[in-house]
Every structure is written in structure tokens, then in C-alpha cells.
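Could you build the full structure based on these sequences and the hints that come with them?
Protein chains in written order, with this note's numbering: chain A, -7 to 233; chain B, 962 to 1084.
None of the hints are false.
Derived lysine-lysine pairs resembling DSS-like cross-links, with alpha carbons at most 25 Å apart:
hint: 1; chain 1: A; residue 1: Lys85; chain 2: B; residue 2: Lys1025
hint: 2; chain 1: A; residue 1: Lys95; chain 2: A; residue 2: Lys85
hint: 3; chain 1: B; residue 1: Lys1076; chain 2: A; residue 2: Lys85
hint: 4; chain 1: A; residue 1: Lys85; chain 2: B; residue 2: Lys1010
hint: 5; chain 1: A; residue 1: Lys202; chain 2: A; residue 2: Lys30
hint: 6; chain 1: A; residue 1: Lys204; chain 2: B; residue 2: Lys1016
hint: 7; chain 1: A; residue 1: Lys95; chain 2: B; residue 2: Lys1005
hint: 8; chain 1: A; residue 1: Lys29; chain 2: B; residue 2: Lys1025
hint: 9; chain 1: A; residue 1: Lys176; chain 2: A; residue 2: Lys29
hint: 10; chain 1: A; residue 1: Lys204; chain 2: B; residue 2: Lys1025
hint: 11; chain 1: A; residue 1: Lys86; chain 2: B; residue 2: Lys1079
hint: 12; chain 1: A; residue 1: Lys123; chain 2: B; residue 2: Lys1054
A short, non-exhaustive set of chain B residues, derived as facing chain A with CB atoms under 7 Å:
hint: 13; residue: Ile987
hint: 14; residue: Leu1032
hint: 15; residue: Phe1033
hint: 16; residue: Val1039
hint: 17; residue: Val1041
hint: 18; residue: Phe1047
hint: 19; residue: Leu1064
hint: 20; residue: Ala1068
hint: 21; residue: Thr1070
hint: 22; residue: Met1074
hint: 23; residue: Glu1075
Residues of chain B placed beyond 10 Å of chain A at every Cβ, according to the derived structure:
hint: 24; residue: Asn964
hint: 25; residue: Val982
hint: 26; residue: Lys1006
hint: 27; residue: Asp1008
Honestly, the hints are just simulated from the structure, not real lab data.
By construction, the Cβ of each residue, glycine as well, lies at the ideal position given by its N, Cα and C atoms.
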Amino acid sequence: MIDQQKLYSIWVYLQAEPLFWLTLTIGSYLIADYIYKKSNLFPLLNPVAISILIISLILLSFNIQYERYFEGAKFIHFLLGPATVALAIPIYKKWDLIIYNSKAIFISLFIGSFIAISTTYGLSIYFELPKELILSLIPRSVTTPIAMGISELIGGIPSLTAIITLITGIIGATLGTFVFDFMKLRKMEARGFSMGLSSHGIGIARAMSKDKNAGVFAAVGMGLSGLLTSIIIPLFVKLIS
Amino acid sequence: MLNSIFLIFLFQLIGELVQKVLELNIPGPVIGLILLLTTLLLSKKYDHKLIQNLKVNLISSAEKLVHYIPLFFLPVGVGVVMHLSFLEGSLAKVLFIIVFGTLITLALTGLLMEKLLKNKDLK
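If you want it as C-alpha cells, here you go:
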């Protein structure tokens, strides 16, 4: 029989090591991904959302500080950068298709990014939100590092923007399919592009899991809207203030 | 395998350096993506065996990395749940703005793109 004291000391040891948090993160993802695949890629069972729920519930029920978890899980977080660079490969493979449709891409990019920014701004004004919160909300549709950078530049709170951006990604990835079906959109490239522009990396992940072309157009959508938004938001904020 | 991982890391590193030196708002990995894409497009002309081999390796490693993007979001995603209290009393309003704004953007961008995409050659 292991006595409680010993069990506790093992637990203290495990908490301090990255191995436990890495195993927990990968394990939760495997479970969530299994559920997602079993459900035939049902969008509401988004693997990112489900695994975040599993891990958060475990951390909350054992009263574990997020910082402690991240200390271990940061090795997985690190790979987000290289994975972003790696998106160059699917784009490269479909380059001809992208160039062929460059006009469609550019028009949709400008109008789509404008809609994302103006609906967010309009609604925040309507709800009379505090200025700092509005500035943290505006960049929400682009990839988290760009959104945080913009937020800092215009006087928002970057960590708040990170939260809002991630929620945007999950909302887009889980509800996008229903919107597209409702609008009777059939072209996977259109659905993907819209997903990448509106809900960045998590949208790309959803699009990639459904269709290769959708995934590539999602990556193009995220990349271009990120670039465009980082230029127009600072100008937009100058205009309104 | 290792040479392609090295290349991907190298391009991110160059991207981060460019971002720091030029003080751009664009994150280093996105600059790395653009630089890698440009390099690949420019190298199309050269069909030296070494370059071709490297490209094959690069494609297989990159596709594996891209496949696991959802996993790489988790550590930050968990932070979101743990820090939801940051939004305090505005949570409901903020959620409404996110949901409504995202749905409108998804619908209109998708519709516009569907109408503008050329039909032939797709797929």
C-alpha cells in the first residue's frame, strides 16, 4: 500500500515536470480527434474546442495554476511557429490555382476584412463598450500573434485580444459549416477562404480536415487578411479617434 | 527529415529577425512563410537532384506539421478558458459581438468568393 504522503509527493514531482503536461495535452487531443473523426467531422465537435475543455476541466478540478501547466505545455506551443511557416508548402503546391483566381481572392479579401472590422466596431459602439475593450476586439479575426501585435499598437490589451481571437477561431470553425450550408455555398475554395479570413488558424485546421483545396484557400485567406488587417486597422483607428 | 526541419526552423528564424530588424507588425512565422514560399517558387527552375530531394523531404515534414496545427493551439487555448474572468461583466456582449460578427463575415466573404471564383480548373 502506498500511503497518502507518498502519493502526494509523487504528484508534486509530476506537476513540476513537463512530461505530465505534455502527455495530458497530447492525450486529450487524441481523444478529441477520435471523437471528431467518429462523428464524421461534425463541426460542433471541433477537436480544438473539445480538448481545451478536457484539459481545462482537469486543471480546474485539481486546482492547478495555468502558468504551471503552460510551463510544460509550452513545448507543444512552440511548434505553432514552425507549423505556420510550413503552411508555405500547401500554398506552393496549389500556387497555379491561386494565381488563376487572384482577382476573386483580392476582392473577397478587401471586402471580407472590411466586414470583419466594421461589424466588430459597429457592435462595440452600439453596446457602449469601454474604449480599451473596443481596441482589443477590432483585430479579432486575424491570426493570434498578428492580432496581439495590432492590439498593442493601437492601445488595446494584447492578452485580452488573444482570448477574443481564440474564441473567434473556435466560433468560426464550429459554426462556419452551418453558415455555408445555409447559404448553399458549394465551392470548397470559397468556404475555405472565408473560414481562414474570418477565423484564422483554427479555421484553417477545420478546412484542412475537410478538403485539401479548402485548407489551402483558408491558409491564403488567413495570411492575406493578416497582412491587410495589420495595415488598415492602425489607419482606421487614427480615423475614428 | 532533419534537413527539412532545419529549413523550416531556419526560415522562421529569418522571419523573426526580419520582424525585429524592420520592426514590422507582421509576426516572424508569417514572414517566414512568405520567404519560404518565395524561395520555393524561385527554385522551380532548378531541378538539381539535391534540391529535388530536399523538396520531397520538405513536403512530407511540412504536411505532418500542418496536420497537427490544432494540437499546437491547445496550450494557449487552455489559457483562454482559465482567463475568461478577464472579460468580467462584458462577457455576454463580447460573445455576442464575436458570434454575430464572425457569422456575417463568414457568410458574406464565402458568398462573394463563390460568385467570383472561376469555375473551370477547380479541383
